[in-house]
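Enquirer: Residues per chain, in single letters:
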Amino acid sequence: MIAFIQRRIFSASLLLGGMLTLIFFAAHLTPGDPVNVFLSPNVPQNVANELRHQFGLDQNIVLQFGQWVRNALTGNLGISFAYRRPVLEVIAAVLPNTAVLAITAIVFELVLGLFFAAVAVRRHNSIVDTMIRNAALVVSTQPTFWVGLLLLAMFSFAFGLLPSSQMHSLGAESFSFGANLFDVGKHLVLPACTIAIPGSGAICLYFRQSLLKVRREEYMTYAHSVGLSNWALFVYYELPNALPPVISILGLEIGTLLSGAIVTETLFAWPGMGRLTVLALSARDYPLIMGCTLVSGVFVVVANMIADLLYGTVDPRVRMT
Amino acid sequence: MNKRFLSVWRVIGGQRPASVVLAVVFILFSLWRWKVILMSCVSLLLVLLVFVGGGTNISQCLRPGLFEYWLAAFVWMLMAFLFGKRYAKILLGSGNNMSGGSGCSEPANEEGARFGHPAVLVLLSYVFVAMMAPLLAPHDPTAQGDLRTTRLLKPLESRVTIGKTPLIEKDGPEMTSAFVPRMLEHVNGYLLQLKNPYAHHDAPMPGALNEHDRRVEVFFLGTDDLGRDVFSRVIYGLRISVLIGTLSVACSILIASLVGFVAGIQGGWIDHVLMRITDLFIAVPSLFLVISLVAFFGNSTTLLVLVLGTTGWMGVARIIRGEVAILNEREFISASRLLGRSSLQIVRDHMIPNLMPAIVVAMVLQLGNVILAEAALSFLGLGIQPPTPSLGNMIGESLPYLRSAWWVGIFPGIILSALVVQANLVGERLQNTGRNRA
Chain A
4 MIAFIQRRIF SASLLLGGML TLIFFAAHLT PGDPVNVFLS PNVPQNVANE
54 LRHQFGLDQN IVLQFGQWVR NALTGNLGIS FAYRRPVLEV IAAVLPNTAV
104 LAITAIVFEL VLGLFFAAVA VRRHNSIVDT MIRNAALVVS TQPTFWVGLL
154 LLAMFSFAFG LLPSSQMHSL GAESFSFGAN LFDVGKHLVL PACTIAIPGS
204 GAICLYFRQS LLKVRREEYM TYAHSVGLSN WALFVYYELP NALPPVISIL
254 GLEIGTLLSG AIVTETLFAW PGMGRLTVLA LSARDYPLIM GCTLVSGVFV
304 VVANMIADLL YGTVDPRVRM T
Chain B
2 MNKRFLSVWR VIGGQRPASV VLAVVFILFS LWRWKVILMS CVSLLLVLLV
52 FVGGGTNISQ CLRPGLFEYW LAAFVWMLMA FLFGKRYAKI LLGSGNNMSG
102 GSGCSEPANE EGARFGHPAV LVLLSYVFVA MMAPLLAPHD PTAQGDLRTT
152 RLLKPLESRV TIGKTPLIEK DGPEMTSAFV PRMLEHVNGY LLQLKNPYAH
202 HDAPMPGALN EHDRRVEVFF LGTDDLGRDV FSRVIYGLRI SVLIGTLSVA
252 CSILIASLVG FVAGIQGGWI DHVLMRITDL FIAVPSLFLV ISLVAFFGNS
302 TTLLVLVLGT TGWMGVARII RGEVAILNER EFISASRLLG RSSLQIVRDH
352 MIPNLMPAIV VAMVLQLGNV ILAEAALSFL GLGIQPPTPS LGNMIGESLP
402 YLRSAWWVGI FPGIILSALV VQANLVGERL QNTGRNRA
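Chains as they are written, first to last, in my numbering: chain A, 4 to 324; chain B, 2 to 439.
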């Protein structure tokens with residue numbers, strides 16, 4: 004177990020290093036100057052050079068990279084060009100928003116996916132099963148921005164039930180704690196559903212498959228003949244045995260979501276990591292780009308690793324060595 | 002006659018389904034736009050004349066802007082040629098099962114196969130529409146109308162214009178500067194001149210504004226905020242999606258088979274290194290990588306294709322490598338190796354035919370993914386740039402008008418989601434069929 008974790012951490016840090024190097028050099032070597040984003044072209048050359056010197060952009064690029072790595076290892080990710088604040092602060096400000104969105108979405112997704120899969124299996128080969136399967140197949144392939152657009156058009160514009168963008172209503176600072184919570188919850192429903200609906204389709208399909216496989220096992224017949232109730236069968240035998248594929252999908256998904264649901268956050272103007280990343284990329288804010296890359300890379304790697312470990316716990320046959 | 006011809010369904014699944022459908026489509030199409038077909042035939046003859054005569058404009062046919070379309074057409078033709086015979090039966094022939102004619106029943110019908118059969122036809126028709134975009138689109142997808150009269154018209158709303166009636170409609174943005182449409186315009190002008198000897202003068206035509214030149218334009222799916230026809234834009238957007246999808250799938254299949262075959266056949270440390278690289282690519286969140294690459298390197302069509310192609314090959318490479326490793330142990334491979342055939346010959350004669358089903362399935366599934374990725378990029382404003390319509394950027398641009406004009410964003414969305422669903426259904430069907438054969 005320990006050896007497995009060590010090896011995973013080793014390969015993960017290799018991966019992270021490779022990704023950071025790639026993004027760093029791709030950002031710095033491609034045409035486009037961050038200084039031009041902040042200064043008008045009328046500003047004299049020496050002022051621009053001064054700013055470039057302040058940003059540390061006048062050094063050799065390899066030296067710059069070395070500098071960044073040295074600082075990053077001591078926990079200093081530099082100062083964002085656009086926000087004029089430490090990168091860590093900027094990221095820490097939006098990370099909770101992304102985490103709230105990601106966790107809500109995952110919970111929705113799991114509940115929807117597992118529920119419909121269980122129903123479909125209970126009524127296997129009936130019309131309900133066919134309908135659920137086809138719906139899940141269609142839903143799981145839908146692009147998130149299309150789902151979000153439909154939800155917006157229906158629940159926000161046509162019925163006027165839910166707010167269409169942002170995280171707080173105007174004047175939310177003066178709300179009481181309970182009202183604030185309710186307000187955020189109302190803003191949370193649409194983006195979370197946008198992420199959860201396509202994902203739940205995939206989870207439903209996988210879970211249905213593995214449930215069907217489990218039900219064909221001999222121990223299920225035995226447990227049934229012993230006289231266990233359907234509920235007990237489901238909770239103690241079917242669920243634990245059918246869960247592993249779902250866990251590995253979830254691991255991938257949580258990592259990606261925590262590094263920012265880029266499209267959904269843009270659509271709903273949700274102030275999270277995804278939108279920050281896109282902003283940083285378009286403003287060529289090099290320190291912030293690197294910070295976002297690092298944070299999202301860490302999330303993806305850690306989530307995958309935890310999923311693998313969980314997989315081993317749920318299914319003892321796949322003990323990692 | 003017999004049972005097989007009882008319903009349209011079974012006709013499609015009958016003896017020569019594809020040709021029947023194509024013939025019907027072609028006849029309907031030619032009835033609809035006979036003028037266009039006539040004119041393009043004339044211009045094609047003119048092109049051939051110029052070609053034979055050695056004019057100066059031949060290079061126009063091979064402009065870099067058009068090159069991508071030629072390439073996409075070539076890839077589709079190649080695929081049709083390579084896989085047409087083998088898969089026509091699997092894809093279209095299951096109608097025979099419905100009529101109970103064939104002896105072996107297909108247990109594949111249980112899982113997702115029910116949709117597969119019409120899905121293939123629908124996917125092919127999408128490709129057909131995409132390839133024929135300049136002929137099918139009733140309006141220029143980028144031409145802005147008079148904003149006072151054409152802004153945000155509802156679907157099926159019409160507008161009356163008074164003025165010179167063009168003999169045929171203008172072609173799309175990519176084609177207008179190309180050689181063939183210019184020839185077309187030339188012919189057009191010539192015919193107009195025959196009809197009206199004053200047409201080539203700058204002076205206004207006598208009687209141009211009379212009742213005779215009154216013309217009603219119908220916007221089938223309405224217009225967007227700049228008075229552009231949504232229907233034409235959807236058709237052109239579909240074209241971009243299919244184009245980018247096809248090319249980048251071809252690109253990623255190329256990389257995947259290179260990596261997969263080399264890793265599977267060589268084995269040893271080469272295999273190890275290549276597979277670790279594949280793992281690295283899998284672990285990187287692909288949308289993040291694609292977005293940063295596109296943000297840094299710009300977003301021409303070629304770069305989009307390359308970026309999407311180089312971020313989508315990992316799954317296929319793994320599949321190919323696994324299958325090759327299994328095949329390597331089989332007797333017939335060892336036999337041909339003992340006969341002294343080189344690795345390349347073995348790959349060509351034994352590996353590729355055996356791997357084709359797996360590769361085709363992966364390609365079709367990848368097509369759906371790539372189309373989605375391109376649409377997401379364009380939606381964020383990082384993919385295809387605004388004057389050129391793409392399904393993604395149409396949806397993105399429609400957001401400010403969603404409250405007042407739903408049709409601007411909803412129709413491209415419907416087409417996009419249908420396209421992706423079809424690609425996935427076809428992939429699934431092929432997969433199930435392959436599994437049953439094996």
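Simulated from the structure, these hints should not be mistaken for laboratory data. Note that the coordinates shown come from a computational prediction; the quantities given were computed from them, not determined experimentally. Do not take every clue at face value.
[Stated by the list, open to error] Reference excerpt, derived from the structure (chain A facing chain B, CB under 7 angstroms, subset only): (1) A30; (2) T33; (3) T144; (4) F148; (5) L152; (6) A156; (7) M157; (8) V266; (9) T269; (10) A272.
[Claimed, not checked] Across the chosen pairs, the derived CB separations fall in these ranges: (11) A:L165 with B:Q386: 28 to 36 angstroms; (12) B:L345 with A:F237: 33 to 41 angstroms; (13) B:N355 with A:L165: 47 to 55 angstroms; (14) A:L282 with B:R277: 32 to 40 angstroms; (15) B:R277 with A:Q212: 24 to 32 angstroms; (16) B:P354 with A:T133: 34 to 42 angstroms; (17) A:T133 with B:D350: 36 to 44 angstroms; (18) A:R73 with B:Q145: 50 to 58 angstroms; (19) A:Q212 with B:P354: 25 to 33 angstroms; (20) A:D36 with B:S343: 30 to 38 angstroms; (21) B:Q386 with A:A6: 49 to 57 angstroms.
[What the hints assert, rightly or not] Computed footprint of chain A on chain B; a stretch qualifies when at least three of its residues, placed anywhere within it, have a C-beta under 8 angstroms from a C-beta of chain A: (22) 302-310; (23) 377-389.
All residues carry an ideal CB built from backbone N, CA and C; glycine is no exception.
Enquirer: When the hints from earlier in the document are held up against this structure, which numbers fail?
Expert: Those not satisfied are hints 7, 10, 12, 20 and 22.
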